[in-house]
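In the order they appear, the protein sequences are chains A and B. In terms of our numbering, the first sequence opens at residue 1 and continues consecutively. In terms of our numbering, the second sequence opens at residue 1 and continues consecutively.
Hints are supplied without guarantee of correctness; some may be wrong.
As the list claims (entries may be wrong) - Heads up, simulated DSS-like pairs for lysine-lysine below, C-alpha to C-alpha not over 30 Å straight-line:
hint: 1; chain 1: B; residue 1: LYS141; chain 2: A; residue 2: LYS62
hint: 2; chain 1: A; residue 1: LYS102; chain 2: B; residue 2: LYS224
hint: 3; chain 1: A; residue 1: LYS93; chain 2: B; residue 2: LYS157
hint: 4; chain 1: B; residue 1: LYS114; chain 2: B; residue 2: LYS157
hint: 5; chain 1: A; residue 1: LYS102; chain 2: B; residue 2: LYS259
hint: 6; chain 1: B; residue 1: LYS129; chain 2: A; residue 2: LYS93
hint: 7; chain 1: A; residue 1: LYS93; chain 2: B; residue 2: LYS224
hint: 8; chain 1: A; residue 1: LYS93; chain 2: B; residue 2: LYS141
Hints in this document: simulated from the structure, not taken from any laboratory. Predicted model only: the values in this text are computed from it and were never measured.
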Amino acid sequence: MAKNFGLGPVASLLVQRIGIGFLLILAISALLFIGVEMLPGDFARNYLGQSATPEAVANIRKELGLDQPIITRYLGWLGGVLTGDFGQSWANKASVGDQLFKRLSNTLFLATVAAVFAVPISVGLGMVAVFFRNKLPDHVINILSLAAISMPEFFIGYLFIFFFALLLGIGDGPPIIPGSPTWSLGNVGLVALPAATLVVVVLAHMMRMTRAAILNIMDSAYIETAELKGVNMMTVIRKHAAPNAISPIINVVALNLAYLVVGVVVVEVIFAYPGMGQYFVDAVRVRDMPVVQACGMVFAGVYIVLNMLADVGSIMANPRLMHPK
Amino acid sequence: MSKELEHLSLMVVRGQLNRRDFIGRAAALGLAAPLATQLLSSTAKANPVKGGHFIMGLNGGESTNSLDPGVAATTVPQVVNFTWGEGLVITDPVDGSAQPWLAESWEASADAKKWSFKIRKGVTFSDGKALTAEDCAATLKRHSDENSQSGALGILKAIGQNFRADGDNLVIELEAGNADLPYLLSDYHLIMQPNGGFDDPASGIGTGAYTVETNEPGVRHLLKRRDDHWMSDWAYFDSVEVLVINDGTARTAALTGGKVHAINRVDPKTVGLMKRAPNVKINNVSGRGHYVFINHVNTAPFDNVDLGLALKYAVNREELVDKILRGYGSVGNDFPINAAYALFPDSIPQREFDTDKAAFHYKKSGHDGTPILLRTSDAAFGGAEDAAVLYQQTCAKAGIPLEISREPADGYWTNVWNAKPFCVSYWGGRPTQDQMYTVAYHSGADWNDTRWLRPDFDKLIIEARAELDQERRKQIYTDMALQVRDEGGVIVPMFNDFIDASTTKLEGILVDPSQPMSNGLIQCRSWLTA
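Next comes chain A alone, as it looks inside the complex (with noise of 0.2 Å):
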């Protein structure tokens, strides 16, 4: 552990993250905007589509200043960025602030509510499989977790828009567009498919770290003891073996966690929902920088406050590194 300036270790480490995710952010942002500008053909000609016509190409590229040097105008939107403005979009002149708010509100939403079911679906059901090691239970939840993350999510979509929304008549079909307010107990029943084939695609990978974390403590000579002195098996795994495999384990629903957010591009296509994947990939296809930059940092924001979370958990569940001496 680096040094904590008299800070307890949560708090040390905290500080030290957010410092550097707030460097991260910005090469991020610096990178995004070089990979933009690499792709082919800018926002005049991308924007106007066949229709282009040199001379309304370049009235475009005139008004926007996209004929000012690239370090320029990384500088002015960036100076923007400081002061809180994200500025409009190019395409639309909408501000990117509250349309940003409303399609990442919808995909937290959505990801939320799949998080809510699939984490402790997945961390139960890894430890029945556990519990039934090498029994039919354990391969059967082997084999339908395998099954699942071997499907495409677009695929696992279609089922369930057409077994459930379709031949059976539960649960809404596309488009699925969230009243308003977004959170509230209304829309969780109008987004459980969406939610539903989310909850499908993580499950198997959490669960199946789930399984891997505890089998490993599983061997070690505590927990023999524990079984030795007649302690029943789910007591053991629930009390000795989960919580010293809870690192692994939070690691792991981070990641998926993140999935969940910046992941969801695909299942957000097929269900037609209005989140933030859309949105983004809408920008990048007519390279509407305000819009594509904003994106990307509220991305990797996500992933960087995700990461720093679960090292956070990971420290309060471990004693040793909670107390150090």
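Following the hints, put chain B in place on chain A, whose structure we already have.
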């Protein structure tokens, strides 16, 4: 009842066509007058029903869309803009001719250089102001001036910038005569806005039958009917909602699951399956887009007219329409025009698949028997590679050795199309014959992808453009079509359909060859029954 008749009778019901014209056109389609009258009365029973909330699920919408008509490029903004806004002219869904809309009539000088459009009176914008000729002149100015960012700038180049309001009239003076000016004004970018949209191009204030309530680009657009629209028998719904669903399967699910009433862009491969759904009907119409095999007529061996004819007779058009388009298209006749265009040269006989003739011309050409290389890629159109293989087989029956080269899709439009001497391609079609020939068959055109360099033909294009006598004009277009058909480098096996679908409760759908979703006007032309 044939589709065309159905539409003709619908137009009569709506007052867009009078009975005498209807019977005349029905007769042209081979229907005797008494039958035509009977047909008319049965259609007239289908009275439009007012009210309801109409929901469309459409492909072609992005979060980057704007209500500024100048930058509309995809289907959703086109449909949304036609819901709140209107242009001066619309094209007739049946014969493709230019019809009055916000311009109530027009006249041109004998040389088609000076035009005067009479702007309809009593039309108001949704903010209550009356539409004036000044607004119209300003709109054209905004799309064409030196600061324009409009997608219509290319079209307006042909018009110039010399337009002005003269009382109730919009006067346009052209540098060179152009009989197609009204067609150019039917372009979907050219929606009339207060003060031409100079104040706020994306305000969504127009003369249309609905006003914008909610505008969430890439997600949904909600519009409500206004009661003071100038046109009766038009726009029956209380409200219209456009939902963006870019994924094809999701769109299909939305329609069959009853979440939307109509969708666009149905994949020909799944139309057959969709037809089986009990509550769904398919609305397809032959558009102007065509799939082509193109060769450079100034390059050996394609400079040999007989080899060209051999290659044309060796196409089994019916088979291609059947297998590539699953029947959702129509056969082409080796010139780039079909009946969706006004003044279609209907007297030209259809070229049939004929191995004997193909073999005859092939022998006559004296080709040395080396394989003829055709380049193809699915970048040209879905199924282009299969189409090339089918073509290869029919060529073989006539003894023509065709060799196929599959090219990478990435870069096909820069490396192969308009660069290599023989390849598969696609043309989206244009609103008028003049534009189609000008863009691809004029010696000076950048996209002259068959290297059709004939000064005489160029003269015909310009002569037809300024010709106001429709009979004479049609004659010129017939001559041009015959030249391209018999000597040109374009082989047109088929024109593809626009395939939309809707619930069976949606009535009065008028398919329109200009654009899908009844040229973006389905929300004004159709109605829902209980």
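For the pair supplied as a hint, LYS93/A and LYS141/B, is the alpha-carbon distance within the 30 Å limit? Holds, because 22 Å separates the two Cα atoms, which is no more than 30 Å.
30 Å Cα cutoff - pair LYS129/B, LYS93/A: holds (25 Å)
Regarding the pair LYS93/A and LYS157/B, is the alpha-carbon distance no greater than 30 Å? holds (27 Å)
Taken at face value, is the distance from the CA of LYS157/B to the CA of LYS114/B at most 30 Å? Judged against 30 Å, a Cα distance of about 16 Å means the pair holds.
Pairwise hint evaluation, LYS62/A against LYS141/B, where the allowed Cα distance is 30 Å at most: Given that 30 Å is the threshold and the Cα spacing comes to 19 Å, the pair holds.
Decide if the proposed pair is consistent with the structure: LYS102/A and LYS224/B, CA atoms, cutoff 30 Å inclusive. holds (24 Å)
Is LYS102/A within 30 Å of LYS259/B, Cα to Cα? Answer holds: LYS102/A to LYS259/B is near 23 Å, not above 30 Å.
Keeping to a limit of 30 Å between CA atoms, is the pair of LYS93/A and LYS224/B held or broken? Roughly 24 Å separates the two Cα atoms, so the pair holds.
Hint compliance for this structure: no hint is broken.
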